[in-house]
Amino acid sequence: MRFMMIVIPKGYEGAAPDAVPSAEAVAKMMEFNKSLQKSGVLLALDGLLPPSTGARVSYTDGKATVTDGPFADAKEVIGGYWIIQVRSREEAIEWARRAPMSNNEIIEVRQIFEMGDFPADVKHAAEGFEELPNATVAKA
Amino acid sequence: MSDTHKAIEAVWKIESTRLIAGIARVTRDIGIAEELAQDALVAALERWPDEGIPEKPAAWLMTAAKRRAIDSLRRGRMLELKHGEIARELEFQQQRLGDAMDKAMDQVIDDDVLRLIFTACHPVLAVDGRVALTLRVACSLTTAEIARAFLVPEKTLGQRIFRAKKTLSEAHVPFETPRGDELRKRVESVLSVVYLIFNEGYTATSGEEWMRAELCDEALRLGRMLAGLLAEESQVHGLLALMELQSSRTAARRGRSGEAVLLADQNRGLWDHAQIQRGLAALHRAQALGGGAHSYALQAAIAACHARAGAVADTDWERIVLLYDALLQINPSPIVGLNRAVAVGMAFGPAAGLHALDALAAEPALANYHLLPSVRGDLLLKLGRYAEARDELQRAIAMTENHREHELLSKKLRQIPNNSQDANQAS
Numbered sequence: 001m002r003f004m005m006i007v008i009p010k011g012y013e014g015a016a017p018d019a020v021p022s023a024e025a026v027a028k029m030m031e032f033n034k035s036l037q038k039s040g041v042l043l044a045l046d047g048l049l050p051p052s053t054g055a056r057v058s059y060t061d062g063k064a065t066v067t068d069g070p071f072a073d074a075k076e077v078i079g080g081y082w083i084i085q086v087r088s089r090e091e092a093i094e095w096a097r098r099a100p101m102s103n104n105e106i107i108e109v110r111q112i113f114e115m116g117d118f119p120a121d122v123k124h125a126a127e128g129f130e131e132l133p134n135a136t137v138a139k140a
Numbered sequence: 141m142s143d144t145h146k147a148i149e150a151v152w153k154i155e156s157t158r159l160i161a162g163i164a165r166v167t168r169d170i171g172i173a174e175e176l177a178q179d180a181l182v183a184a185l186e187r188w189p190d191e192g193i194p195e196k197p198a199a200w201l202m203t204a205a206k207r208r209a210i211d212s213l214r215r216g217r218m219l220e221l222k223h224g225e226i227a228r229e230l231e232f233q234q235q236r237l238g239d240a241m242d243k244a245m246d247q248v249i250d251d252d253v254l255r256l257i258f259t260a261c262h263p264v265l266a267v268d269g270r271v272a273l274t275l276r277v278a279c280s281l282t283t284a285e286i287a288r289a290f291l292v293p294e295k296t297l298g299q300r301i302f303r304a305k306k307t308l309s310e311a312h313v314p315f316e317t318p319r320g321d322e323l324r325k326r327v328e329s330v331l332s333v334v335y336l337i338f339n340e341g342y343t344a345t346s347g348e349e350w351m352r353a354e355l356c357d358e359a360l361r362l363g364r365m366l367a368g369l370l371a372e373e374s375q376v377h378g379l380l381a382l383m384e385l386q387s388s389r390t391a392a393r394r395g396r397s398g399e400a401v402l403l404a405d406q407n408r409g410l411w412d413h414a415q416i417q418r419g420l421a422a423l424h425r426a427q428a429l430g431g432g433a434h435s436y437a438l439q440a441a442i443a444a445c446h447a448r449a450g451a452v453a454d455t456d457w458e459r460i461v462l463l464y465d466a467l468l469q470i471n472p473s474p475i476v477g478l479n480r481a482v483a484v485g486m487a488f489g490p491a492a493g494l495h496a497l498d499a500l501a502a503e504p505a506l507a508n509y510h511l512l513p514s515v516r517g518d519l520l521l522k523l524g525r526y527a528e529a530r531d532e533l534q535r536a537i538a539m540t541e542n543h544r545e546h547e548l549l550s551k552k553l554r555q556i557p558n559n560s561q562d563a564n565q566a567s
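Protein chains in written order, with the numbering used here: chain A, 1 to 140; chain B, 141 to 567.
It is worth saying that the hints were derived from the structure and are not from the lab. C-beta atoms are modelled at their ideal positions from N, C-alpha and C, and glycine is treated no differently. Among the hints, a few may not be true.
[Stated by the list, open to error] Here are the simulated distance ranges between beta carbons:
no., chain 1, residue 1, chain 2, residue 2, range
1, B, Glu541, A, Tyr59, 50 to 60 Å
2, B, Glu372, A, Leu49, 32 to 42 Å
3, B, Glu310, A, Phe118, 50 to 60 Å
4, B, His543, A, Asp68, 40 to 50 Å
5, A, Asp121, B, Ala502, 47 to 57 Å
6, A, Arg98, B, Glu503, 20 to 30 Å
7, B, Ala433, A, Arg97, 23 to 33 Å
[As the list claims (entries may be wrong)] Quick list of in silico lysine-lysine cross-link-like pairs, DSS-like style, CA-CA up to 25 Å:
no., chain 1, residue 1, chain 2, residue 2
8, B, Lys552, A, Lys38
9, B, Lys153, A, Lys34
10, B, Lys243, A, Lys34
11, B, Lys243, B, Lys153
12, B, Lys243, B, Lys295
13, A, Lys38, B, Lys153
14, B, Lys146, A, Lys38
15, A, Lys38, A, Lys10
16, B, Lys153, B, Lys325
17, A, Lys28, A, Lys38
18, B, Lys552, A, Lys34
19, A, Lys28, B, Lys243
20, B, Lys522, B, Lys552
21, B, Lys196, B, Lys146
22, B, Lys196, A, Lys38
23, A, Lys10, A, Lys63
24, B, Lys295, B, Lys325
25, B, Lys295, B, Lys306
26, B, Lys196, B, Lys243
27, B, Lys325, A, Lys28
28, A, Lys28, B, Lys196
29, A, Lys38, B, Lys325
30, B, Lys306, B, Lys325
If we strip away everything but chain B, and leave its shape as in the complex, we get (with noise of 0.2 Å):
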């Protein structure tokens, strides 16, 4: 790629969201409006490495686009108005679709871009859908992009975002920001889709390692877009901090040659102190809007332990109970809960650990689920009862086919002392 296309394609991820959404509010169809953003990308392509990129290349663009659609728009009422009428009523046409779209350019508004992701990430759409059409419009990835972060085929993707593209076209969804209750439900469906985002870069083991991290930051920027744009929500800040707080860890979470590190083994050194403070921020933001107590913010008050603690011995685990507490009572997952035992042995010993943890044995959800017997095993091998963390551990081990994780459950199985006696027996 020449140095002019790197600026345009720099000029385009900068200026590509305004743009489309300054269209959508004339076309009211965020499909048209990204397709005449593209066809405004190619003329840029076709004009800027011979003209230079103009002073005001979101004004050009713009224009671009405003253009193409006057086009599109003769060639399509051509075929639709009786003979005698064309001229006329096309002129009317063009000239009001051409004041709309100049009125947009002059100033694409903050709304514009809220009602932008609203329409992406609207319920009406699969998840998938929603998550693929948000990277495209408000993140400006590419089609091929998008591809490799997710593992699929170009192919599918690209039928992803169209069918994406159609549906809310055909559901006749309009191009607004909700409001009331309507607010409420449609903020979480956008959170989920940029949490959803976030995870897929930061939980993954496999693919593009850089594509991930690319997905990570995506959902940074998009988490602090919205933390502008939806200033009084609390839960956009609470989701703004957890995201923060959790990829404060990113370089500790991989060991010198590339294995996972757990939490309580990772150098604290390596965290990006300047992001924990920035989550912080973000989490007292969404306590004093008085969204404490919402899912992401207790996530991210629960991570901010973690993070406030210089050592894993500083941890206050108490106060880790207290929020998983808090959580179930939101959320009653068995992973949650799960989660909960390990603080529970960390707080108060590994008994009270394994007490908390036997109570959630028979959860179907946790039938196969390898951290249950690891963490069993952990609190087993604690308490001095070797032999029943050896079986823990083997059944761990047994469940589990990432390869990471086995590597570390039988590091643990080896650090079981070889007397098979237990410690309390052997005494």
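In isolation and in its complexed conformation, chain A is listed as follows (with noise of 0.2 Å):
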């Protein structure tokens, strides 16, 4: 089972456009991030530039609106996440445990839906997928 483990950092919401973490920072995630790819279940992880730089698109009646970043109103953002493979909820979750994350930030962690999880009526309705163009996979 697949899940991610997003990362949740106090503070970024109000972070500017041109915040890069710290050297020791980045170092120390680099250590968490080996022993994650050391145990073979690192499937993929980013980090987010600040919300400052992005927008949100939200919707009302089928219209969208757009505003820029940052967000006056958003108390929690999104800095970045992992996505890895393991056996149980409670492995990702001893592996949360062990980021070396500062106070009073968060890792949220999530189940990933597998396409084997859905009922026949969802598989069928992703089936649709099949006609659009295959942008993810290279024609090299």
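Dock chain to chain to rebuild the complex, using the hints, since each chain is given by itself in its own frame.
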């Protein structure tokens, strides 16, 4: 089963557009990333630029409204994520416990839907995907 | 199981491989190391529910294993040593063992884990022993879990693991990473164990579904681990690529009522495209390291041709034929030849495919293999030679005992136009 560990760093909602993590924090994070990799559980990871460089697209009655960051009413924003493949929810939590986070930072652990988990009608609905241009598959 | 027990199990799954590897650096015997690690787990199960999970669970487990090692040294030595020497000698031995374990605890190095895997996959062991021991020490599966996955009684599997440990101990297999020419051979042994585990999960049609998927995931995890530990070994990346690409199709391999769906009929939208990307990246790595012509990399390259094709019609069949040619050079198997004939049929038309297939007709290995008449029937059908196609498909049906295959073949048989006249004769 796959899980996403979502990093919610306190204060990141108001971080300056050019904010970057300290070398020390990155070094600690790299050590953690390596331990995930060495255990063979790491599938993907990324860090996200501050929300002040992003935008929110919200929808009302089918109409989309764009708001540029930073987002005044956001209390928690996402700073990055890992995707790991583990054997249980507890194992994902155990990995999250080991992450080198600072005071008040949060990691939210969430399981990823697998196509096999979906009931037949949802799988059937997903079949339309095949007619879309297969952008993610390199045609090299 | 209580929440604490589940948490302890999770800690165990994460830590046990490195724990066993670290202890084995001192004991030089993975059987003893595994038992000491198990003892440490028992201690954790006794203490953690009350005390909570310690801040550094790995260090706690190693300390518990050390205490246990010193205890058993004391008990063992009591019998061996002469009375007067006991106290001093024992103190010295305990000190030395304790120091060595402390050192091992400080830093379990990657080489320890690698040594552990090499030892578990040692050629001195029977293949089923290698598989069981690897799942046990490198994947921290319980005996019960491994037994369920391989559909054998738990007792049988326990004995298999016991025998494997005993063989390693009796053969004085050193706890080390082989060098030079030996390394190549031993890497091959490790990779074949990993691929066996993968295939057990991927191709079997019986057994507990969940446990089967688990085996594929374990093999993939081992593959990723090895790709880090043996980063310069092209074959490791080739095998990882092959497993990633094959398992990227998992969701599409079963139809709505659980029936097998062949590659050509699969809904490619259900393929895991992120996994395909990982597979292609591993394949590039294998090729960049000069291992593109190895068996796993060639098979992965064939899988990559399918993965890159958005639809069956987009498949680069000519490239697949070339890859099968290269694979036949190093692995001249009639099964590979059969697959090649299918590819030839797709690339150059059914007549060419039939020609390639008929060159294999005399292969004794294919004499009772239902896929030979099945493929032949398919090619004849495409050529409009309906009467012969019907005969071949009926032969194939008679040969297979697999229920799903039976269904697929019968369905194809029903699709042959009712008029028994061949298409070319009728026209």
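Going through the hints against the structure:
Between Glu541/B and Tyr59/A, the C-beta spacing of about 55 Å keeps the proposed range 50 to 60 Å intact. The beta-carbon spacing between Glu372/B and Leu49/A, approximately 35 Å, falls within the hinted interval of 32 to 42 Å. Distance hint check: the CB atoms of Glu310/B and Phe118/A are about 51 Å apart, consistent with the given range 50 to 60 Å. For His543/B and Asp68/A, the Cβ-Cβ distance of about 59 Å falls outside the hinted range of 40 to 50 Å, so the restraint is violated.
For the hinted restraint 47 to 57 Å between Asp121/A and Ala502/B, the CB-CB distance of approximately 50 Å keeps it satisfied. Between Arg98/A and Glu503/B, the C-beta spacing of about 54 Å breaks the proposed range 20 to 30 Å. A C-beta distance of roughly 45 Å is found between Ala433/B and Arg97/A, which places it outside the suggested range of 23 to 33 Å. Our distance criterion of 25 Å between C-alpha atoms is broken by Lys552/B and Lys38/A, whose separation comes to about 47 Å.
For the given pair, Lys153/B sits about 17 Å from Lys34/A by alpha-carbon distance, which is consistent with the 25 Å threshold. Proposed proximity of Lys243/B and Lys34/A is supported: the alpha carbons are some 22 Å apart, at most 25 Å. This hinted pair checks out: Lys243/B and Lys153/B have alpha carbons roughly 23 Å apart, not beyond 25 Å. A distance of roughly 36 Å separates the Cα atoms of Lys243/B and Lys295/B; the hinted pair therefore is violated under the 25 Å criterion.
Proximity of Lys38/A to Lys153/B is assessed by CA-CA distance (about 14 Å); at most 25 Å being required, the pair is judged to hold. This hinted pair checks out: Lys146/B and Lys38/A have alpha carbons roughly 23 Å apart, not beyond 25 Å. About 29 Å separates the Cα atoms of Lys38/A and Lys10/A, which puts this hinted pair outside 25 Å; it is violated. Taken as a hint, the Lys153/B and Lys325/B pair is broken in the structure, with Cα atoms around 29 Å apart against an allowance of 25 Å.
Between Lys28/A and Lys38/A, the direct Cα distance comes to roughly 16 Å. Compliance with the 25 Å bound is thereby established for this hinted pair. Taken as a hint, the Lys552/B and Lys34/A pair is broken in the structure, with Cα atoms around 51 Å apart against an allowance of 25 Å. For the proposed pair Lys28/A and Lys243/B, the alpha carbon gap of about 23 Å is at most 25 Å, so the pair holds. Restraint check for Lys522/B and Lys552/B: the C-alpha separation of about 12 Å stays at or below 25 Å, so the hint holds.
Between Lys196/B and Lys146/B the CA atoms are separated by roughly 17 Å; this keeps the pair inside 25 Å, and the hint holds. Only pairs whose Cα atoms come within 25 Å are accepted, and Lys196/B paired with Lys38/A is accepted, the gap being roughly 18 Å. At roughly 31 Å between alpha-carbon atoms, Lys10/A and Lys63/A are farther apart than 25 Å, so this suggested pair is violated. Restraint check for Lys295/B and Lys325/B: not satisfied, since their Cα atoms lie roughly 32 Å apart, outside the 25 Å limit.
Proposed proximity of Lys295/B and Lys306/B is supported: the alpha carbons are some 16 Å apart, at most 25 Å. Proposed proximity of Lys196/B and Lys243/B is supported: the alpha carbons are some 16 Å apart, at most 25 Å. Proposed proximity of Lys325/B and Lys28/A is contradicted: the alpha carbons are some 37 Å apart, above 25 Å. Proposed proximity of Lys28/A and Lys196/B is supported: the alpha carbons are some 16 Å apart, at most 25 Å.
Restraint check for Lys38/A and Lys325/B: the C-alpha separation of about 23 Å stays at or below 25 Å, so the hint holds. The straight-line distance between the Cα atoms of Lys306/B and Lys325/B is roughly 23 Å, inside the 25 Å bound, and the hint therefore holds.
This entry does not satisfy hints 4, 6, 7, 8, 12, 15, 16, 18, 23, 24, 27, going by the numbered hints stated previously.
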